[in-house]
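Throw the hints in and build the complete structure from the sequences for me.
One line per chain: the protein sequences are A and B, in this order.
Numbering-wise (the numbering used here), the first sequence opens with residue 1 and increments by one.
Numbering-wise (the numbering used here), the second sequence opens with residue 387 and increments by one.
Everything labelled a hint here was simulated from the structure, so no lab data went into it.
Treat each hint with caution, since some may be false.
[To be verified] Partial pick of chain A residues on the chain B-facing surface, computed with a CB cut under 10 Å: (1) A82; (2) T99; (3) Y124; (4) S158.
Glycine is no exception: its CB is placed at the ideal position from the N, C-alpha and C atoms.
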Amino acid sequence: MRLSISAYQMCSGLGFGRAATRDALRAGHHGLTDPAIELPFATFTGAVAGSFPSLPTALSERDTRLTRLAAALLDSIDSPVANAVARFGADRIGLFVGTSTAGIAASERAYGYRLQHDALPDGYDFVRQHAYHGLLDVLRALTGIQGPGHVISTACSSSGKVFASAARMIAAGFIDAAVVGGIDTMCATTLHGFHSLGALDDKLTAPFSADRSGINIGEGGALFLVQRGDDGPVHVLGVGESSDAHHMSAPHPEGLGAHAAMRDALQSAGVDPSSVSHVNAHGTGTKLNDAAESLAIQRLLGAHTPVVSTKSYTGHLLGAAGAIEAAIAALTVETGFVPASLRADPQADDCPVAVAHTRIDAPQSYVLSNSFAFGGNNVSVLLGAP
Amino acid sequence: MTASTRARFAILGVGLWTDRFATAADYIAGSPVEEPKRPGAGLVPSRQRRRCSVLTRAIATAFGEALEASGLAADELPVVCGSAWGECDTLPVLLESVFDDDIPTSPMRFAASVHNTASGTLSIATGARCFATSIAAGEATTSASLLEAVSLLAAGHAYVAVVVGDSRIPDVLGGEVEGHGTLAVGIILARSDAPLAVDMPLFEAQIANTSSPYPAAAAHVDNPCRHALSLVDLGLGDGATADLGPLHPRAPDQRVTVARTGGPSS
Chain A
1 MRLSISAYQM
11 CSGLGFGRAA
21 TRDALRAGHH
31 GLTDPAIELP
41 FATFTGAVAG
51 SFPSLPTALS
61 ERDTRLTRLA
71 AALLDSIDSP
81 VANAVARFGA
91 DRIGLFVGTS
101 TAGIAASERA
111 YGYRLQHDAL
121 PDGYDFVRQH
131 AYHGLLDVLR
141 ALTGIQGPGH
151 VISTACSSSG
161 KVFASAARMI
171 AAGFIDAAVV
181 GGIDTMCATT
191 LHGFHSLGAL
201 DDKLTAPFSA
211 DRSGINIGEG
221 GALFLVQRGD
231 DGPVHVLGVG
241 ESSDAHHMSA
251 PHPEGLGAHA
261 AMRDALQSAG
271 VDPSSVSHVN
281 AHGTGTKLND
291 AAESLAIQRL
301 LGAHTPVVST
311 KSYTGHLLGA
321 AGAIEAAIAA
331 LTVETGFVPA
341 SLRADPQADD
351 CPVAVAHTRI
361 DAPQSYVLSN
371 SFAFGGNNVS
381 VLLGAP
Chain B
387 MTASTRARFA
397 ILGVGLWTDR
407 FATAADYIAG
417 SPVEEPKRPG
427 AGLVPSRQRR
437 RCSVLTRAIA
447 TAFGEALEAS
457 GLAADELPVV
467 CGSAWGECDT
477 LPVLLESVFD
487 DDIPTSPMRF
497 AASVHNTASG
507 TLSIATGARC
517 FATSIAAGEA
527 TTSASLLEAV
537 SLLAAGHAYV
547 AVVVGDSRIP
557 DVLGGEVEGH
567 GTLAVGIILA
577 RSDAPLAVDM
587 PLFEAQIANT
597 SSPYPAAAAH
607 VDNPCRHALS
617 LVDLGLGDGA
627 TADLGPLHPR
637 APDQRVTVAR
647 TGGPSS
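See below:
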């Protein structure tokens, strides 16, 4: 499989857009701050700064922060998408997006209103605002895309898997191109949930560090236009998908599923493990994930391939993690650098991989981007230069 | 789907669970249960099963029935789970804990609130370390799930399981108290050249213009996955064509259909 990335755009706590993200990564500036949401515990979050325009009137019933972010990202790539629609036909363009939170933030507000007023607020509609497909409806309406599409919601691997769905649909002949990506927004339910698991760091997250103690949650995402062909500065060369078959919220301790996903991504691309330039790790900053993922990376790639967790900049975007990290991987292929993995020093003994403690400036031919999830769901995406 | 992209497959097994019917065979025979019971979810170990929502249990039950009929082992069987609303039953409890400082969030419930709880549960229960996914597309959830499965067959997988299901939207978030019940349908597909497809009737999926959707039973008329009932009729009953619902909501007459091709694969 090979997909050409014709256009992409991204946003996170690092800012809106490729240039802002690239500049922050190169400078080693993270986007994590005190949370804007009132919480009964301490943590840091990576929120997308600023407000975004409301949706057109015809889509007002679907107007949420999630869909506004989607519209803003789409606005940056709407010309290439329109060209693809004109070239292939609207029914030959697919739409595959990942989200884990969907519109839960809208339901939080509605539930809070109900507690005070004993009724849901006017305008709240679970189907149009909370449900996963609200994101699809808005993107379809804004692009005119008429081909097959769905939301993938496999928690934190959601938006890595969209590349595989698009590649299969293109290979099967159902479509010629697709808009893919993922978006998640900050919500209290998620923060409370990860806190209940003891997985939130009350300090800045420090993946692969001996002092690591958990996740910082982020929001944002990325959208891509992918299609057949050899144009585009970056390609998706392979995707591996696997399951741990171990536990709902803990990774397999030996990283078996992570290893299988990375191995399959490389095999599907015909790329030798020794050729991998660097790994954008799942790297959540939890004890269990970073140790298991390190074992898997070491077993497949050895101990010398540079590894970075860009969650040390953006926080964990959950259902959008696969998309934002694939976009970051694409930036590193285009620009030729590996960001420094922040706060990984002193590196943990149980993470025996070559964590990039400082930025590496060098061409990046093959980059693996890992995303692992609740339910033991794993995906690894191999991106590279044409 | 153009002629060149029509997809042929065999159906090796069908499963179903609803509030009224405990198995697909009961549904075809029109033999409802006297008293609704919780879905059995027999393939999920009891300790794990106790933590499952009704939706996950229903999906596991439908999957288990289809798997048994297929004769396949589950440990290398890719699974596509589809659900429009996902684990929405879990949401009110989580929201309650967010707004009431005296109610701690349950880590177990939080971990089981993700959309892929059912596919993860199946993977853990069966030891399957292969592909699994969890997708949503509103009223198009069933059609999207089948297309995802068909694309997996085209990519080289010999067999793929599709399980779709939904429960009712919680009433605290606007769901109708008398709304549809829980419904789950499982189906095991085989590529037309797979060993177990030999001598099996073949079916063909395509996107067709039609404005005569499948007439779902009143009990499920609002269930986003109701279209999957037509797959049960096709796989086990005397149906000739299954209407799996719209390709997407903006084109209600563009529907994914599955039809018998008239003969076995060999």
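Cut-off 10 Å, beta-carbon criterion: hint that T99 of chain A touches chain B = 9 Å, holds
Answer holds if the nearest beta-carbon of chain B is closer than 10 Å to that of Y124 of chain A; otherwise answer violated.
-> 7 Å, holds
Would you check whether A82 of chain A satisfies its interface hint, that is, whether its CB is within less than 10 Å of any CB in chain B?
-> Interface hint status for A82 of chain A: violated (17 Å vs cutoff 10 Å).
Interface restraint verdict for S158 of chain A against chain B (beta-carbon cut-off 10 Å) = 8 Å, holds
Violated hints amount to a single one, hint 1; each of the other numbered hints is respected by the structure.
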